[in-house]
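Since chain A is already given, all that's left is putting chain B on it; use the hints.
If you want the building blocks of each chain, they are given just below.
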Amino acid sequence: MIHSLFLVNSSGDIFLEKHWKSVVSRSVCDYFFEAQERASEPENVPPVIPTPHHYLISVLRHRIYFVAVIQSEVPPLFVIEFLHRVVDTFQDYFGVCTEAAIKDNVVVVYELLEEMLDNGFPLATESNILKELIKPPTILRTVVNTITGSTNVGEQLPTGQLSVVPWRRTGVKYTNNEAYFDVVEEIDAIIDKSGSTITAEIQGVIDACVKLSGMPDLTLSFMNPRLLDDVSFHPCVRFKRWEAERILSFIPPDGNFRLLSYHVSSQNLVAIPVYVKHNITFREGSSQGRFELTLGPKQTMGKAVESVLVSSQLPRGVLNVNLNPSQGTYTFDPVTKLLSWDVGKINPQKLPSLKGSMSLQAGASKPDENPTINIQFKIQQMAISGLKVNRLDMYGEKYKPFKGIKYMTKAGKVPEGRRDEAALP
Amino acid sequence: MVTLLLQKVKYTASKNICVKISLSCRHDDLKEMLDSNKDSLKLEAMKRIVAMIARGKNASDLFPAVVKNVACKNIEVKKLVYVYLVRYAEEQQDLALLSISTFQRGLKDPNQLIRASALRVLSSIRVTIIVPIMMLAIKEAASDMSPYVRKTAAHAIPKLYSLDPDQKDQLIEVIEKLLADKTTLVAGSVVMAFEEVCPERIDLIHKNYRKLCNLLIDVEEWGQVVIINMLTRYARTQFLNPNESLLEEGGEKTFYGSDEEEGKEDKVEAAALVVKRKPYVMDPDHRLLLRNTKPLLQSRNAAVVMAVAQLYFHLAPKAEVGVIAKALVRLMRSHSEVQYVVLQNVATMTIKRRGMFEPYLKSFYIRSTDPTQIKVLKLEVLTNLANETNISTILREFQTYIKSMDKDFVAATIQAIGRCATNIGEVRDTCLNGLVQLLSNRDELVVAESVVVIKKLLQMQPEKHSDIIKHMAKLTDNIQVPMARASILWLIGEYCEHVPKIAPDVLRKMAKSFTNEEDIVKLQILNLAAKLYLTNSKQTKLLTQYVLNLAKYDQNYDIRDRARFIRQLIVPTDKSGALSKYAKKLFLALKPAPVLESPFKDRDHFQLGSLSHLLNAKAGGYQELPDWPESAPDPSVRNVEVKYPTEQSSTEEQKKSTKSKEPKDRSDSESEDEEESSTESSESESEEESESDTDAKKKKKKTVKKWRIYVSFCVALLLKCSFPSPQAASPTCGPLKTYELLHRITGEGLAVTYCFSRRPFTGDPHMVSVQIQFTNNTEVEARSLRVLEPKLQSGMRIAEFPEIDVLPPGEISTVVMGIDFCDSTQAANFQLCTHTKKFFVTIQPPVGELMMPIFMTENEFKKEQGQLMGMNEITEKLTLGEGCRGDHVIIQRVISTANLSRVPCGSAMECRFAGKTVTSGSLVLVTVVTKEERAAQVTVNCEKMLIGTMLVKDILQALSQ
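Which chain is which? The protein sequence lines are A and B, in order. Each residue of the first sequence is one higher than the one before, starting from 1 at the first, in my numbering. Each residue of the second sequence is one higher than the one before, starting from 1 at the first, in my numbering.
Please keep in mind that the hints were generated in silico from the structure rather than gathered at the bench. All the pointers check out, no bait thrown in.
Ranges of calculated distance between the beta carbons of each label pair, as one might list FRET restraints: (1) A:N9 with B:K73: 34 to 42 Å; (2) A:M223 with B:K618: 50 to 58 Å; (3) A:K303 with B:D443: 38 to 46 Å; (4) A:N322 with B:D443: 26 to 34 Å; (5) B:K73 with A:M223: 55 to 63 Å.
Computed from the model, here is a short list of chain A residues facing chain B with C-beta under 8 Å: (6) P46; (7) Y55; (8) P75; (9) E81; (10) H84; (11) V107; (12) E114; (13) P166; (14) I190; (15) I198; (16) F233; (17) T372.
Backbone N, C-alpha and C fix where the C-beta goes; we use that ideal spot for every residue, glycine too.
Here chain A stands alone, though its shape is the one from the complex (with noise of 0.2 Å):
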C-alpha cells in the first residue's frame, strides 16, 4: 500500500524521509516539484499525482506537504485520511506540527511512524495506543532521560493493541476524575449584496477531554436530539444505541478525542449572529474609491460576539487603502491586495466601522470585480443551533467523576461571504 512517506517543507527540501518497503529514490519527489510549480497557490497542487512508475498522494498541512508513494491501486482516500492522522498524531505528540518540531524529535516521529504502519498497511493509529508504545515528549522526561538514561519508548509491552477496546488504554489512574465536553458550533454561510442568506449550514462537533481511572462506561443524551441531521462518531460510540434511543453510549479513550461531529438541517437554521452594512465604491476615471463597513450583533441572545476579524480581497486595482477603524486595527498588504481588520469584542452599543477611502492606479478603469468580505468571529456559551446536553451518566465505576460542558459558536474555516449580485454576465 504506502511505499514511503516524503516530508517537504514550502521551500521544497526534503527534510525526512521513510520507506516501509523497499527504498523509492528521492528523486520521485521531482514530479511533485514540478506539479507544485504549475500550481500557482500551494494548495492547488493536485492530491494525487501520477508518475511514469508511482503514485503520489499528498496532503498539505502546517505549509508541510506529506507525499506517500503509492506503486499500486489503493483507494486515495485511505492515504489522504491516513496522512492526515499522522499529522494530527504529529500535533498531539509535539503540540505543534512544525518542520522544526519534526527535526527536534525526529527520532520519536520514525519511532512513530514504524508503528503506525506495517509494509505500509495502518497497524496502530489510535493515539492511546501510541501513547502506549512510545511515549510523547515533555520537557521534564527529556531531563529525566538525559540524567538517568531512560527512554521514551514504553517499557510495558502495548496490551491495548490486544484489548476489545482498542482505543482506550488500560489501567488508567486519575486521582481526580472528570469529563470536560466541548460543544463547538462552526456557522458557514454564503450571503450576497443585499444581505439575504444564500446557504447557511451549521457545522458541529463534540471534543472531549475524559481523565476517568479504570474502565468508564459513559452515556451522553442531548434535550433535542432531532436537531441532528447528520453525524459521524468516533469508533468507541455504540451505533445501534444510537439508532434506537438517540444517546451516545460509549467507553472513552483516555484524554482527548472527538466523539462526534454533527450537522444541522438548514430548517433549523437560526439567523447568523452578525451582519455587515458596507458600502463600497470606485468612481470611474477617478483615482480614488470610498469604503465603509459597518459590523453588528444579531440575535445572540445576550452573549457578546467575540474575536471578530473582518478580511477582504480587495481588486487588482487598489494601490493602497487609508482607512480609519473605530477600533482595532487594520492592515492591508499592498502585494497580495488583502485587507485585514482586527475588530476585537462587538459592543453593541457603539458599533465598530471601518471608513476612509481607496487610491487606485492612476488610469486604471473601475475593477469589475466586487470584493468578497470574510467575516470569523466566536461567541462564548452558546451553542447557535440550540443543541443542549441533557445529562451524563457513569457505569462501571464506582467513583463520582466530575464533569463539566462548555458551549461555543464560531465562524467556519469558510465564514460569510459577502457578493455582489450583479447583472447577467
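Using the frame of chain A, we list chain B on its own:
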C-alpha cells in the same frame, strides 16, 4: 530549466562530498559508541544514525557495528536497531543474516507481543535466502494462540509474496486458513493479504462471506475499507443486478432524467433477452451486506464512508442508493484533499443518479476561499445537477463566479454555462446573451473562452444569430488567444452566407497577418478561404490564391498538406478529378452541433473511490469490477454447516460483555433476528387483543388501517412509476401455467389456451392480464376472432383483445386481454367468435393470479404485518413435500402459485412474500417458516379474508407436493 537542474545536481553533489568527508570521521565515534557497554551511549549513537536515515543520508557502512546490538536489552536501542536493519538489510544481505537467529528465538517467546514483533521484523528483512525461514515462521504464526500474532502473520504474507512470488501457492493456503479466523483483529489484515496475493481466488471468500459481513462493524477502520472494497467485487460476481428490473422498462420513464441514455441501451438489451426472466429476488446475502455496511456511513474515517458509498452505488437497488448522498456531502466539509477526491466521485455519480444529490445543491456552491481545483470540481457537479427547475438558481450563482478574480475558474465557469445551455434548451438564449456581453470584458482570457463557447452554441441555431457572428468578426482585431481566433474564423467560414459582406473583409485582414498566426489559426484561415471561394469566388478568388500560396511554403507540414489538399479540391483544373464537383458539398455540409459532455461521463466503469477512477486510467494492481452475472451462481456455497466451536479467546468474551453486539456467526444473527421479529409480533398481537375489546376502538383502527392501505397503495403507485417494470418486477417464475379455454375438438380445429402473463395490463392497472393463444389446426383459415357478449358478475370488467382478422391454417397467434375480477375467483364468461362459429368459454382465475407483486423492505413488511393481525391472519401448519427442500424450492413454488415478490429477510428459516390484490390494492403478505423435520408453517395476512383463506390452501397444496 536545464541549467537550474544542473545547478541543483552540482549543489547536492558537493554537499554529499562534504558530508562524506565529515561522516567518515564522525562514523568512527559512532562505532565507538555502539561498541561501548553503556546503553545510554548506544542509544545516543542509534538516535543519531536514525536521524541520518530520516534525512536520507547513507549510513550503510555502520551496518556491522549496528547489527551487533540486535540483542541489546534496552528496548529503545533494540527498536532503533530494527529500524536500521529493515532499512539496510537489502544492501548488506550477508551481514543481515547474522541477526536472523535472534528473531528465530523471539518467535518462540512465551509473550505474544514479542513473538509478533519478532515476526514483523523478520518478515521485513528483504533477503531472499531467508524465504524458507519466513515461510515456516508465517505458517507457525498463522496457527498461533494469540490473534495478535495471527494478525502479524497476515501482514507478513504480502511481504514474503513481494520478495518471492513463487511462494504463492503456499501462501494461499495460509490465507485460506486465516480467512477462516473469527476475530476482528485478523479479518482486515488477512483480506488485505488476500487482495495483494490472490484477488482472483474469489472462491476462498464464499465460506467466510457471512462472517466477514457480520464482523465488519467491529473491524478496525483501515481493515473495513479493504474488506468493503473486496466484498463489492465479490458481490458483483455472486448476486444478480437489483436494478435489472428497471432495464426492461420501456415506455415508462425512469425516475431520473439523466438515465435516459441508459434506458435506451437497455431497451436494446432487453430486446435481446427475450428469454423470460425469473422474478428478481434479492439474495439474502446481498441484503446482509447492504444492511451491515450502512452504519459505517457514520464513520469518522472518510475512506470508510467512501468505501460504503461506492458499495451502495455499485450494488444497491436504485431506491436505496440515496442514503449515501448525505454522508458524501458531509465529507465535503473535511480537508481540501478529501474534498477533492469526494467531489471527483460525486461528479461521476451525478451523471448516473442526478436526483440523489439535488437536495444538496447548495452544498456545492463555491466559496471564494476554495482552492481552484475544488472550485472547478464543484462547478462540474453543479453543471451535472442542472435541470429545468433549478437552472435559474444555478445560473445566478454562475454570474457571481464570473466576477471572481481567479481567471482559471472564470474560464471554467464559462464552459459550464455553455454546457448548461446545450443541455437545457429553455435557457439557451439567456446564456448566449450573457456570453455575448462577456465579449466586451476587459480580460482577454474571459473573452477568448466566451468565444469558444459561443461558437459551440451558435452551431445549434446559426440563422438566428447573424448579429452575434458579426460582432465576433469585429473581435478579430483585438483578440489574440489562438483558440478564440480560430473559433471566430471557423464560425465566419461556416456561416458566411449570413455575413456576406464582412466575411471577405475578415479574410483580407487574415491574409495580411497570415505568417504571424499560430498553426490552428492558419488552418482555419485556409478553411475560411476555401469556403469563401466556393460561395463568393468573385470577391475572394485572388485572396484565396494568395493565402494558398503562403501556406504552400509554410514551415508546418500540416498546413502545407492542407493547402495542397484544398487547392486540388476547389480550384478547377483540367487534371482535377471528380471530387472537385463535390467540393461545395464537402466543405459546406451541414455539421452536427457538438455535444458538450462532462469529462466524468462513463467514468463509472472504474470502481468508484479507487485510484484508477480518480486518474481515469487503470492503475497497477487494479481489479476490474466485474459485470453482474446473467444468472446467479449457486448461493449455497456460502452456507456454513459446521457450527463454530464455543471456545473463544478471553478477549472476545470480554468484548461481548462490553459491546454485546458482535454476532459470532450467521446462526447467531439469525436467532437474534427471529427474536426481534417474534417479540415485535407478540407485542402487536397483545395490542390487538386489548383493542378488540371495545368496538369503538376497533372501528377507529379500521379507518386507520384504510388510510394506511391508501398510503401504501399510493406508495406502490409511486414505486410503479419509478421502479418495477412491467416485465421484470413481475416476470414469471419458470414456465407459465397454461389453462385450456377451448379444446381442439370442441373448437372444431381451433384450440385456445390461456395463461396469466403476470404483467400489468397496459391501459388499466386494475385488470389482470390474460394471455390467450389461438392455434388453428384446421385446413382453412379462421377469420375475425373476437370476444362477444361477456356475461360478467357485477363490478367485473373486461378489456377485449383486438380482433384477429385472419388466422391462417397451422398458425399460432397470441393476444392479451384484461379482466378485472374484482378480487374474486368468480369466473368470467364470454363467447369467443370466429367468422362462422361461437363458443362459450370461461376463464376462472386461481386466487394467486389476482395479485401483483410489490416491493417492500423487511421492516415495512413487519410493520404491515403488525397491522394485519387477528381476523386478517390465517396460519396453517403443514409437512413439506418430498421434493420441497431448501429455500429455493419453497420460493419457487410459492411464487409460481401466487404472483408475489419476495421480501428480503435476514433469516434462512423464513421466506416472506408481498403483493397486493390487483383491483383494490389490499396487501397480501405471506410468510413461510420452515422448522425441523420438514414441518413448516404458512401465514397469510390479508384484509380480504376470503382471498387469504384460498391462498393459504393453494400454497399448502403447492408446498406439500
